[in-house]
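Undergrad: As given, the protein sequences belong to chains H and P, one line each in that order.
All the letters of the first sequence, read from the start, carry residue numbers 1 to 190 under my numbering.
All the letters of the second sequence, read from the start, carry residue numbers 1001 to 1188 under my numbering.
Bear in mind the hints are in silico, worked out from the structure with no lab data behind them.
For clarity, every value in this text was computed on a predicted model and none was experimentally measured.
Heads up, some of the hints might be wrong.
Restraint ranges, calculated between C-beta atoms of paired labels, are given here [what the hints assert, rightly or not]:
id	chain 1	residue 1	chain 2	residue 2	range
1	P	Lys1002	H	Gly19	52 to 60 Å
2	P	Lys1002	H	Arg71	32 to 40 Å
3	H	Leu7	P	Thr1024	23 to 31 Å
4	H	Arg30	P	Ala1057	21 to 29 Å
5	H	Gly14	P	Ala1033	20 to 28 Å
6	P	Leu1036	H	Arg88	30 to 38 Å
7	P	Phe1062	H	Arg88	45 to 53 Å
8	P	Leu1061	H	Ala47	17 to 25 Å
9	P	Val1069	H	Arg71	22 to 30 Å
10	H	Glu65	P	Val1064	28 to 36 Å
11	H	Glu3	P	Arg1049	49 to 57 Å
12	H	Arg71	P	Ala1051	30 to 38 Å
Positions of the beta carbon are idealized from the N, C-alpha and C atoms, including for glycine.
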Amino acid sequence: MQELTDLSDGQLLGRASAGDQEAFTVLYRRCQGPVFRFALRMSGSPALAEEVTQEAFLVLIRNPERFEASRGSLAAFLFGVARHHVLRHLERDRRLVPLSEGDGGNGHVAPSDGDLDRRQRVEQVRRAVLSLPARYREVVVLCDLNEASYEDAAQAIGCGVGTVRSRLHRARALLAGKLRAAPDARRCSA
Amino acid sequence: MKPGESEIEAVVSRLRELAAADATKQAPPRVEAGLLRALSGRRSGRSLRYAWALAAAAVVLFIVSAAWVAQRRTPKKEVAAAPLVAPVARVEPGPVAVDPVKPRLKQANPRPAEEDALAGFIALVPGNPFGGEEASRLVRVKLPRSALVSFGLPVNGERVSERVDADVLLGEDGSPRAIRLVSTASFR
Chain H
1 MQELTDLSDG QLLGRASAGD QEAFTVLYRR CQGPVFRFAL RMSGSPALAE
51 EVTQEAFLVL IRNPERFEAS RGSLAAFLFG VARHHVLRHL ERDRRLVPLS
101 EGDGGNGHVA PSDGDLDRRQ RVEQVRRAVL SLPARYREVV VLCDLNEASY
151 EDAAQAIGCG VGTVRSRLHR ARALLAGKLR AAPDARRCSA
Chain P
1001 MKPGESEIEA VVSRLRELAA ADATKQAPPR VEAGLLRALS GRRSGRSLRY
1051 AWALAAAAVV LFIVSAAWVA QRRTPKKEVA AAPLVAPVAR VEPGPVAVDP
1101 VKPRLKQANP RPAEEDALAG FIALVPGNPF GGEEASRLVR VKLPRSALVS
1151 FGLPVNGERV SERVDADVLL GEDGSPRAIR LVSTASFR
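Chain H on its own, in the form it takes in the complex:
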């Protein structure tokens, strides 16, 4: 397992395609977090994020040839697959439950005032992101939250890098307006 962690994504995928479970495990553990968080931030639903993550990696298991290393990174490919599934689910079911305080968290402890204030601010931003139109939300999630490069984001979305830049600029402006209009977390907690 130790030497497998030194392999590139493409090499691991090649071994996994041949049935190497250890190689697949290393690859999965390397990539699942960003894919899960992308789906979670796009949908606000941990259940949907789980389903989308599974579907994205099932594509790698069933059709590994769909990933072409010459066209971009594996992360970008997985983001693209996850994006497709998220948008499909969002179209199908618009009654998603907003992310609650406890979603995805482990080992809750009673928060201090400072923690509460910070968490409320975080939730405020999360709600603002979720309220963005999908075309702007996806660039914010990919570039600002998942720290994907503009090139990877462009590949995942299927557009040019210039489009990603312009949409990101517009998305940040929209977010600024939403956060400006939202009640201040400090005042709410006071």
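Following the hints, put chain P in place on chain H, whose structure we already have.
TA: Here is chain P on its own, set in the frame of chain H:
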């Protein structure tokens, strides 16, 4: 109102705060377990497909081989059907000219091995049907059992509509000189 640079920077800063808050969130372990099961199932399914493909290839190879062997053992049918009883041609005695390409039977003075080959033939022409200078050809045809009567052979009335295999010795002009039933049991 169009946000200023500082406001955009504040937004980016808060987005980083959100990213840090979610940084540890991952898919639950059951997703990994399910995917590993899928990977394992796909591998076994692929092995099963390979096994089926191999078995199918073996069957096809066997059938092709069997057909090839059968084709080599069966004499080539040069004509689908020949006249059952052709007009009787006169046979001139003398040596037989041999065509090296087509299967021939030497007619004149057959040696013992050739006599075996010619055994069972019924002459359809007066005299020695195996003699003469002209070339001869041996062809295999299917005859209705009713035609056997014309050769003086007994025919089972219940099977009169069936067909039997027969070797027909043809003269150079294509007229039949002699006939031999391939299987003597076939006309019983």
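Undergrad: For every hint, state whether the structure bears it out.
TA: Against the structure, the hints:
1. P:Lys1002 to H:Gly19: 52 to 60 Å: Holds - the Cβ-Cβ distance for Lys1002 (chain P) and Gly19 (chain H), about 56 Å, lies within 52 to 60 Å.
2. P:Lys1002 to H:Arg71: 32 to 40 Å: Taking Cβ atoms as reference, Lys1002 (chain P) and Arg71 (chain H) lie about 37 Å apart, which means the hint holds.
3. H:Leu7 to P:Thr1024: 23 to 31 Å: Check passed, 25 Å falls within 23 to 31 Å.
4. H:Arg30 to P:Ala1057: 21 to 29 Å: Since the Cβ atoms of Arg30 (chain H) and Ala1057 (chain P) sit about 39 Å apart, the hinted range of 21 to 29 Å is violated.
5. H:Gly14 to P:Ala1033: 20 to 28 Å: Holds, at about 23 Å.
6. P:Leu1036 to H:Arg88: 30 to 38 Å: violated, 25 Å
7. P:Phe1062 to H:Arg88: 45 to 53 Å: holds, 49 Å
8. P:Leu1061 to H:Ala47: 17 to 25 Å: Hint violated: Cβ distance 52 Å, outside 17 to 25 Å.
9. P:Val1069 to H:Arg71: 22 to 30 Å: At roughly 53 Å between Cβ atoms, Arg71 (chain H) and Val1069 (chain P) fall outside 22 to 30 Å, so the hint is violated.
10. H:Glu65 to P:Val1064: 28 to 36 Å: Since the Cβ atoms of Glu65 (chain H) and Val1064 (chain P) sit about 33 Å apart, the hinted range of 28 to 36 Å holds.
11. H:Glu3 to P:Arg1049: 49 to 57 Å: The hint (49 to 57 Å, Cβ to Cβ) is violated, given that Glu3 (chain H) and Arg1049 (chain P) are roughly 31 Å apart.
12. H:Arg71 to P:Ala1051: 30 to 38 Å: This hint holds: roughly 35 Å between Cβ atoms.
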